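Chemist: Chain residues, written in single-letter form:
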Amino acid sequence: MPRILSIWLPQLPLDRLTRQGDTRLSGAFAVIAEEGNAWRLVHANDAALAAGVKAGQSLADARAICPDLLTEPSDPVREDLLLRALWRWADGLSPRVALDPPDGLLLDITGCAHLFGGEVEMGHEALTRLSDLQIQTQIGIADTKGAAQALARFGAREVSVAQPGQTADALAALPVAALALPDKMVSELARAGLTTIGHLYQQKSAELARRFGLRLTRQLGAASGVEPDPVTPKAADPTYAARMTLPEPIGFLEDLENVLQRLAAQICGRLENDQRGARRFQLTVRCVDTGDHHMGIGFARPCSDPEAVLRQFSHPLSKLEIEYGADWFRLSAEHIEPIRLKQGSFGEDAKRADQRLILIETLGNRLGFDHIRIFHPRDNHVPEHEFEQIEAAGASPVWQAAPRPRPIRLFTPPEFAQVEQPGRPPLNFKWRRMSFTTDRAHGPERITPRWYREDDPRTRDYWRVQTQEGRRLWLLTYPGDETEDWYVAGEFP
Amino acid sequence: MRQVKMRQAELQNLIPLGAILHRPKALDLGAGVQLRRGRTHEVTGAGADMFAVLAAAAHEQSLLWIGLHRDIATLNPVGLQANLKVEQMILVEAVSRGELLWAADQALRAPGGFCVILDMPDTLSLKESRRLQLAAEQGGGIGLILLRGPANTTAAQTRWDCQPVCAEQPAWDWICLKGKNGETGRWHMTGKGPQKRGQNAKDTLHMATAASA
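So the sequence lines, in the order shown, correspond to chains A and B. Every letter in the first sequence is one number past the one before it in the numbering used here, and letter 337, counting from 1, is 448. Every letter in the second sequence is one number past the one before it in the numbering used here, and letter 189, counting from 1, is 190.
Careful, some of the hints might be misleading.
Examples of chain A residues toward chain B, derived with CB under 10 Å [claimed, not checked]:
id : residue
1  : S185
2  : D186
3  : K462
4  : G479
5  : F486
6  : W510
7  : T559
Worth flagging that the hints you see were computed from the coordinates, not collected in a lab. Just so it is clear, the structure is predicted and the values come from calculations on it, not from any experiment. Every residue, glycine too, gets a C-beta built ideally from N, C-alpha and C.
Just need the whole structure built from these sequences, with the hints factored in.
Modeler: Structure below.
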């Protein structure tokens, strides 16, 4: 018989802020989230609850009830990170841990409880450990996942245990909402007079299914162990990081590079064993006098080569100013991606692609990856929107040829040309303090921007103008305008 | 004194691209315009862009276009696609003169023989030019430096002045002002007019030259 322990973290967003040392939590405080068009309270602390505020209220109502209420928008990403950290932490209780998002963990504790002196003791142990971490918890232990979750969320005590084989009895007193049913079904059940799970036992399951749907009977069956509902544990993502502490501080560049080489070899070895690579590496150097210095490098593709890590770090390391030496180092790999094994650098093309990526990395790490770009086609006919520049790192270059003759230089916004002798296009004009005389012109090419999207919806007439001075310019005018202004939109080769 | 040579070449008897493979040192822009690989070349004038584009097309490898924001942002791939393989282009936007020179140095030095076009807003000193030249020799690629300012005494292999010319077809005057091996001259290049769809880099090398003083 499996035994499942469910950890419920009812106030996870508040606990996260408490752990950060947020002083606002001493008064009435709530975490809010935007639902539809309204801000609603998601979690409120004890002081706020005592003032009459409830979770689920709109922010305006809550402010009216409790004018001193302080709020903070919820941050699902950080909350998820905290939950994932706890997922790794739960390894200490049981080797089989599953996430139960957004606010819970499920542990398969079959055969583990005796190590803590029993199930109740194990529950209290987990509770103590979590309260040391300033996290509020409720724990339920039962034969099935559904029952453990129900006991954790609706149990009377902090640690509610259903003895083996007595799951149904333990659940009987709990309200039907404990079966994780939708609110609508709960109210329908209440209208039929079925408020506790015990009431459901007295009904025929066929009747229940006919009236409330199969979902209700399935949940009930899963909670009472009639239908299988196993915990599928998944190990937390491994962290690829290594640190080194030295008895004496070091300061020479070659010593630093030796340390980095050892750390990189260790991390890259692990990455390579798992057939993974990292897109970013973060190095922290703790100096004895000036504290932590953080350095980061990026790669254009997942990398597990310690030589490449060293090469890219050589520039930031050489910039590091160390006076009294550093004695603590940590290198961590981030943005882990699987590496597809391919025959490396065998053909000429693969070698060239490698060299190209290495160059992108070298340039990107100094100039910033957003400054190394490639062209990417866009589905648009307006000249300046036919393409865009995207980051070269991580993008695969594609280009679809557009069929139009276009200048090789395009000026956005177009540059004003002063008309000396009018005409269509002007016979004589000045641009960039140079005088031009039109020799031949070809046009107009009329382009109407997409009026529903573009900022400038004016129709444009473009002319290809060969000037007597030699330059081939792309002149632009807006035919609807009162002023017949001319602009230079581009230059042909 | 500038030595002016007159050269003529027909549309048909241009050197095929295969010939470049046998003589890896020189890059052939057609009509006898030769650019040595592993060197930097300076280009000035209003037609400098096209000269660089044609050289990059003949180089047939990854191309890095390094420049300040104003130069990089005006490049139009829809116009360049007639001559270049746009998917092989990498744009490097530097924010200062120091970054420009550093990026060009790294790109030229990198193994793989990249074609590096450096959009220089002003001019190069002898020291800077010499460093780029050494980097190009190490990497084996080719460096094209588009100088917007005056050209000084520099270490580049050749210096070109390129101007567009008013003619029926797109045409340019290319004047080689300086060549380390004495290869100066003057060329009048004529394009074939607007490119048709689907033409790739090779076709635009078919330029006819006509005698010009």
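Chemist: Each hint: holds or not?
Modeler: Results for each hint:
no., hint, verdict
1, S185, "violated (38 Å)"
2, D186, "violated (33 Å)"
3, K462, "holds (8 Å)"
4, G479, "holds (9 Å)"
5, F486, "holds (4 Å)"
6, W510, "holds (4 Å)"
7, T559, "violated (18 Å)"
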